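K.L.:
Fit chain B to the known structure of chain A by using the hints.
Here is what each chain is made of, one letter per residue.
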Amino acid sequence: MKKGHTEVLYGLYNDEEILLDAVRQAKKEHLDIMDVFTPFPIHGLDPILGLAESRLHQAGFVYGATGTCTAFLFMTWVFTRDWPIIFGGKPYWSVPAFIPITFELTVLFAAIGMVVSFYIICGLGPGVTNEVLDDRITDDKFCLAFQTNGYSEDQIDKLKSFLTSTGVEEIGAKVI
Amino acid sequence: MNTDHATIDHAEDIKHFVFEGKQKTTLLAFIVLGILCMVGTFFIDSNRFWTNYLHNAVFFLGMSFVATFVLSAFMLAYAGWHVVMKRVWEAFMLFLPVGLIMMLLVIVGLWMHGHHLYHWSMDGIADPTSPNYDKILAGKVPFLNKYWYTFGTLIIVGIWTFFAYRLRSLSLREDEEGTTDYALHQQMKKVAAIFLPIGAFTSAALVWQWVMSIDGHWYSTLYAWYATASWFVAMLALTILILIYLKSKGYYKAVTAEHLHDLGKYMFAFSVFWTYLWFSQFMLIWYGNNGEETVYYNLRRHEYTILYFGNLVLNFVLPFLILMRNDTKRKYGTLGFTAVIVFFGHWWDYFYLIKPGARLNALHAHHGAGHGHEDAAHGAGEAAHGAAGHAAEHGADLAHAAGHAVQEGTEFAMGFTIPGFLEIGTFLGFLAFFLYFVFNRMEKAALMPKNDPYLAESLHHHV
Chain A
735 MKKGHTEVLY GLYNDEEILL DAVRQAKKEH LDIMDVFTPF PIHGLDPILG LAESRLHQAG
795 FVYGATGTCT AFLFMTWVFT RDWPIIFGGK PYWSVPAFIP ITFELTVLFA AIGMVVSFYI
855 ICGLGPGVTN EVLDDRITDD KFCLAFQTNG YSEDQIDKLK SFLTSTGVEE IGAKVI
Chain B
25 MNTDHATIDH AEDIKHFVFE GKQKTTLLAF IVLGILCMVG TFFIDSNRFW TNYLHNAVFF
85 LGMSFVATFV LSAFMLAYAG WHVVMKRVWE AFMLFLPVGL IMMLLVIVGL WMHGHHLYHW
145 SMDGIADPTS PNYDKILAGK VPFLNKYWYT FGTLIIVGIW TFFAYRLRSL SLREDEEGTT
205 DYALHQQMKK VAAIFLPIGA FTSAALVWQW VMSIDGHWYS TLYAWYATAS WFVAMLALTI
265 LILIYLKSKG YYKAVTAEHL HDLGKYMFAF SVFWTYLWFS QFMLIWYGNN GEETVYYNLR
325 RHEYTILYFG NLVLNFVLPF LILMRNDTKR KYGTLGFTAV IVFFGHWWDY FYLIKPGARL
385 NALHAHHGAG HGHEDAAHGA GEAAHGAAGH AAEHGADLAH AAGHAVQEGT EFAMGFTIPG
445 FLEIGTFLGF LAFFLYFVFN RMEKAALMPK NDPYLAESLH HHV
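Sequences listed follow chains A and B, in order.
The first sequence begins at 735 in the working numbering and counts up by one.
The second sequence begins at 25 in the working numbering and counts up by one.
If we strip away everything but chain A, and leave its shape as in the complex, we get:
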């Protein structure tokens, strides 16, 4: 869905336990949840929503391995082909001396790669502005959101009454 064309109906909750119950109830009634926004990670929310485990760490492994190879091969090339220098009477290809830098580059590549991937996946980054349903979901409100594009008045009323029945604090609608 393009930006500015997603109609959203959302409910704000005061407590994560109430929210968890609401999400469970919504799942039971086979409602199509768009997303859940919380100010902090809630244990047990992912399995209830049926979210698959993130594959970010697998990407991290690949970035790390790239870092390992880059550092090791680069140093090998520099010290055996490009500019061989004897340090402290050691052979040109001194593997132990390469280990610290190889380690550092592994960490650096894995860290930066994962941060960048995370930003891209989440649509974040410098200069990007994302519409937020309600500013308080970054503070103390827990939000359950439904996408309502093409919903009839009836269907929306049904969702509203569902939200009310689960102990919602506030109901809002917004186009993002």
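These are computed hints drawn from the structure, not numbers from a lab.
Do not take every clue at face value.
Claimed, not checked - Using C-beta positions, here's what the derived DEER-type ranges look like:
| # | chain 1 | residue 1 | chain 2 | residue 2 | range |
| --- | --- | --- | --- | --- | --- |
| 1 | A | His-777 | B | Met-307 | 34 to 44 Å |
| 2 | B | Ile-131 | A | Gly-778 | 46 to 56 Å |
| 3 | A | Trp-827 | B | Ile-330 | 20 to 30 Å |
| 4 | A | Asp-749 | B | Leu-178 | 54 to 64 Å |
Computed from a predicted structure; not experimentally measured.
Don't be surprised by glycine CBs; every beta carbon is placed ideally from N, CA and C.
P.N.:
Okay, now just chain B, sitting in the frame of chain A:
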């Protein structure tokens, strides 16, 4: 994740461990096997027996110390997740006085000249007129002597024992008379806070005495870290195995994949930490290329190649690759499998620390005034040092050329070059004895603490 689950499990959980007759028989059989192996080894080669004995005594005593240390550290760090299984570590730490009694045999052997584990213990080591005179060790005699060894061990392990038993009795009292103002917990915290610095410094001194001084000429400032990290990983691996076993017997239902996941993470992290020390110690010595220091690695890398690289494979490569994934730490099969590898691996690590040096020491002792070996090795190291432009690896060849320093006393010998069946048997005997003691102590208290302020947090633990 599901809060109701934990509570239900807790209610259903078997509160008391029963040490069954069958388990006792099995463990006793292994203890007998261990004793038979030790007796057998003693008559085949007394040096092999003494090194095996010291190896296992230090290994199991160290795990017991680390359990005390970790429980104290967790308590001060307001950690809660481990509380549900803290009785296992409490049982570990109660082993301290038994470990002390084990070390007494080494001490008796030291005074009776029963073994030649330590070259510094030879008569006349600091006397320039004696054929045993050793200039380097003479300078270390104020620390490396029988009195320090004996009283250091007695007093320091005695102090550890005092703290361990104090923590245990407070923990048991909390079960009975714990109140919501958690006064007893506060008291435990104070005990833990006093123990931590004492334990940290004194353990280093004992590791130097017990293990590092076997290679008396050599020293390394991060040795104590290395040895303690090894103990810690071994202790975690054994904890994981015991928990998985007890769960299979129907105990500890409240210990979930979440707790084992955390233990697995600790095992992974400290395997890497151990490797960091393993490598740092090597690299600094390799780079420094000081003959006095390189002789240690020269001996191990070139004459004990299987031990040396096997150590790295068992304790770094395998746990690193297996435990890196999230799910391998949550599946009891893979986690237990890795724990077995790592537990054996750190036992192997202590084997590697003790055997090569102790073997040369015995050789010197039998040759009487024959400490020429190390001098020659030393000279070879100097030669390597002088030969700038040559690879450090070539130092070995130089050492061979410079004298038969490294060759004698390093030819293949079962029980020194690699652990043989007698070593494995001895190890199983000690392990069975340790487990017998641990199970016996676990039977004496409720499996789960009752009034610990962090119990609820631990029951609801979720990573």
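K.L.:
All hints are to be evaluated individually against the structure, with a verdict given for each.
P.N.:
Going through the hints against the structure:
1. A:His-777 to B:Met-307: 34 to 44 Å: With a Cβ separation near 42 Å, A:His-777 and B:Met-307 satisfy 34 to 44 Å, so the hint holds.
2. B:Ile-131 to A:Gly-778: 46 to 56 Å: Holds - the Cβ-Cβ distance for B:Ile-131 and A:Gly-778, about 55 Å, lies within 46 to 56 Å.
3. A:Trp-827 to B:Ile-330: 20 to 30 Å: With Cβ atoms ~24 Å apart, the hint holds.
4. A:Asp-749 to B:Leu-178: 54 to 64 Å: Cβ of A:Asp-749 to Cβ of B:Leu-178: about 58 Å, so the range 54 to 64 Å holds.
Checked against the numbered hints given earlier, the structure satisfies every one of them.
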